[in-house]
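Trainee: Let's have the full structure, built from the sequences with the hints guiding it.
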Amino acid sequence: MTQAVLDLKELRVYRGGVQVLDIPSFSLQENEFLSLIGPNGAGKSTLLLAIMGLVKRQSGSLHYRGEQVRSDARWLEIRRKMAMVLQEPLLFDTTVYDNVASGLRIRGFARSELRNRVMGYLERFNLADMAQRSARKLSGGEARRVSLARAFAVEPELIFFDEPFANLDPPTRQSLTEDMDRIIRENGIAAVLVTHDQSEALRMSNRIVVMNDGAIVQSGPPAEVMNRPVNEFVANFVGMETILEAVVLRNERQHVTLSVGGQEIDTVGEVAGEEVYCCIRPENVTVSVGTSNGQTSARNVYRARILDIASMGPFLKLRLDCGFVLTSYVTRESFAELALYEGKEVCASFKATSVHLIPKRASLVQAGI
Amino acid sequence: MDLILQGIVEAFRLLVSFDPEVMGIAWLSLKVSGLATLLSLVIGISTGTLVALTTFPGKKIVVSVVNTGMGLPPVVVGLFVSIFLWRNGPLGFLELLYTPAAMVIAQSVIATPIVMGITIGAMQNLPAGLRLQILALGATRTQLVWMLIKEARLPLMAGVMAGFGGVISEVGASIMVGGNVQGYTRVLTTATVMETGRGNFDIAIALSVILLFFCFVINYLLTLIQQRERPR
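Just so you know, the protein sequences line up as chains U and Z, in that order. Just so you know, the first sequence maps onto residues 21 to 389 in this note's numbering. Just so you know, the second sequence maps onto residues 3 to 234 in this note's numbering.
The reader is advised that the hints may include incorrect statements.
Straight-line distance between alpha carbons at most 25 Å, and here's what the computed BS3-like set of lysine-lysine pairs gives [as the list claims (entries may be wrong)]:
#1 Z:LYS152 to U:LYS157
#2 U:LYS76 to Z:LYS62
#3 Z:LYS61 to Z:LYS152
FYI, nobody ran anything at the bench for these hints, they're computed from the structure.
Mentor: Structure follows, in structure tokens:
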């Protein structure tokens, strides 16, 4: 990751007099796979459209490989180096072959070159045997596959995916994601994926960008965004189920002690200020039965009562009262072995290193207060 | 009943004997209505696409006016085209009144709102994100419009059928601006009206059967094209 493929500065987009995008700076590096996450209406799709020059910008400049794009004609040329897969497949009412060929026809490819390219991508996406089928008679998964092939067939330098596999069953989604990932890596292109699936973002990306209210709230490597959110919003969004308002009691030599609901929590690291948000991921909280005197390296061990239990597919989510409310995930096997039930007294523990602290003022700054 | 049967037999005789007068009338009907439909396609599809793809104040009013125009009474069109082409009218210097050209103009005025209305509907019924998808594929504005027209081709074909059906069967405007001049502006509908007026029901029925036959053949051909377009 050396040269920036694109560099966007001071981008502002208004819709109906309301600012929907305010991005001081956004760049994408060569071969980078970036995931854009954020709630609905955060401006993720608008950002992709703005990069492609498909929405009206009030301000902003785009540099593509170091060159500033100024004229509409140049925007079109740059757009032809990109491709985009939208949430709906939006296939044309013609054959699969013609759909995959459409981007190449727009670019004026000669017939023989076009045929070779299209057949090549039909093969790569396992679509060769349905080349002459009507695109209107495909299943949801097949249609998404064709829309992927259509986008990749133009061999873009940069590709955008706007929730391309929404509403698909998990096996189809997984198969398409694998195809997409494989061809991106084979072709060595930069990609941006808008997704609501955080595990997908974690698995595929080099970088995750979190957006909210038309702004970028945090950008960084997946582990950093997931484990070290910059504010309460990101912490909430990335699944930090436990976010506690805490007061710093002691703060010395990388060892911070907090007071929350009459209990103390030990953490490591540095924090500025007296008031903080204390964030703990539910998968880092261990539940055991019996006494809290057992051997453990966890610095934080509490007697707790199970407040409620919710099913989350392969595991269960427990809300525990230990003076403050703590959330934990346990597998169904552990749940059965420990014979857990609502109201049961248990022992909850987590390590000092699994606690992430956010100074309260960081959240206030991010909220523009 | 005998009258109808006699008319059908007479129509069959006129057709198989290639009666020169009937053939002339039929050929002129096809020429006038075909040209008028073609003209209305050029104007209706381009303006309909423009209205559908752009946003402007009063768009709903424009669409309502077009939709109203889809049911424009031919006699009203005939009246206004006559006024415009009248010797002392704004376009009187063209000396087109009582010529086939005047009939083409009047029929185009009737068919254009039909084609335009169907075009607007067809374009607006295309998936909302399709324009964005085509532009994201790198299309220019011209390529975008062409690809959208191609996507809407099946409903647009219905527009061709409706437009042609509307003008080949209208009589009011043709008689007012064409004058039903024998061998010059007499078409199947105006001839049918005249023969009915004269009490020659057999010939009138024969002409009607020929008219229906033409309508069927043209629509059948267009339907064939429409069906063939869809890949299996």
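Trainee: Check the hint pairing LYS76 of chain U with LYS62 of chain Z against an upper bound of 25 Å on the C-alpha distance.
Mentor: holds, 24 Å
Trainee: Are the Cα atoms of LYS152 of chain Z and LYS157 of chain U separated by 25 Å or less?
Mentor: holds, 18 Å
Trainee: If you draw a straight line from the CA of LYS61 of chain Z to the CA of LYS152 of chain Z, is it 25 Å or shorter?
Mentor: Holds. LYS61 of chain Z to LYS152 of chain Z sits at ~24 Å (cutoff 25 Å).
Consistency with the previously given hints is maintained throughout, with no hint failing.
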